[in-house]
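Q: Those protein sequences? They're chains A and B, same order as listed.
Here my numbering is used: the first residue of the first sequence is 1, the next is one more, and so on.
Here my numbering is used: the first residue of the second sequence is 1, the next is one more, and so on.
In short, the hints are calculated from the structure, not lab data.
Accuracy of the hints is not assured; some may be wrong.
Said to hold, decoys possible - Computed far set for chain A versus chain B, every beta-carbon distance over 10 Å:
#1 L16
#2 E71
#3 D73
#4 D96
#5 R99
#6 N104
Said to hold, decoys possible - Just so you have them, the derived chain B footprint on chain A, three or more residues with Cβ under 8 Å:
#7 23-30
#8 37-48
#9 87-95
The C-beta atom is built at its ideal place from N, Cα and C for all residues, glycine as well.
The primary structure of each chain is shown beneath.
2 protein chains.
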Amino acid sequence: MLADQGLEMLEEKECLDLLAAQSIGRVAISVGALPAIFPVNYRVVGGDVMFRTGDGLKSRAALEGNVVGFEVDDFDAERLAGWSVMIVGQARVVDDEERRLLGNLGLSPWARGDRGHLVRIHPELVSGRRIVGP
Amino acid sequence: MLADQGLEMLEEKECLDLLAAQSIGRVAISVGALPAIFPVNYRVVGGDVMFRTGDGLKSRAALEGNVVGFEVDDFDAERLAGWSVMIVGQARVVDDEERRLLGNLGLSPWARGDRGHLVRIHPELVSGRRIVGP
């Protein structure tokens, strides 16, 4: 369904490799009925996307176990080349015990202020596309 | 509501200036009940975001007049600095007459293949945030 002309679909393995190699992604959630996108810095741990957040829209979506979208991409405007990978999965807040087991993730939020919640998204759907330039 | 610790909220004017200065953004739509994010290259014309797309999820969302999210951002990993701007608005497909009036937008899609639809999003909600680093 996500296939499109001029775009090469990526294998799931390649999508997950690209996902693991990046550090900035974008979370898509619904706020009321409205779509919203928030950039976060993240790490992949055990195949899941993890990022820190404070009290707010993102942590609320995770606390409620919402299904969220998460996208990473990389584009080269000069070469008209690029790719994007998207996962969809349920977001949840990691509890204290799991946090202890995970140890130090080296995951520092850039913005100052309290970022007490660690959110984890397990990819249920994975898709990726690479631009086949003109 | 979108305010968050460590993040400076941007004025609407600054958001729209940043939006007009970029060329790659991300569209957020709902596919069924699932959130999806697609990168596009775009231009701002008359204050509206315009991008080209083929038959698919993005054009279908526009043809149905869906409310979509659109986000642009820029981050500097070394300086731990960056900003993001998000707009929410109804997407619609530009008809042939409006297209003629608009003339050549210089808006070439990167991917080859048919990108016959011109989609226009009028910003109803505008918000932006700048990271205040540690």
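Q: A separate judgement is required for each hint: does it hold in the structure or not?
A: So, going through the hints one by one against the coordinates:
{"no.": "1", "hint": "L16", "result": "17 Å, holds"}
{"no.": "2", "hint": "E71", "result": "4 Å, violated"}
{"no.": "3", "hint": "D73", "result": "5 Å, violated"}
{"no.": "4", "hint": "D96", "result": "21 Å, holds"}
{"no.": "5", "hint": "R99", "result": "20 Å, holds"}
{"no.": "6", "hint": "N104", "result": "17 Å, holds"}
{"no.": "7", "hint": "23-30", "result": "holds (count 6)"}
{"no.": "8", "hint": "37-48", "result": "holds (count 3)"}
{"no.": "9", "hint": "87-95", "result": "violated (count 1)"}
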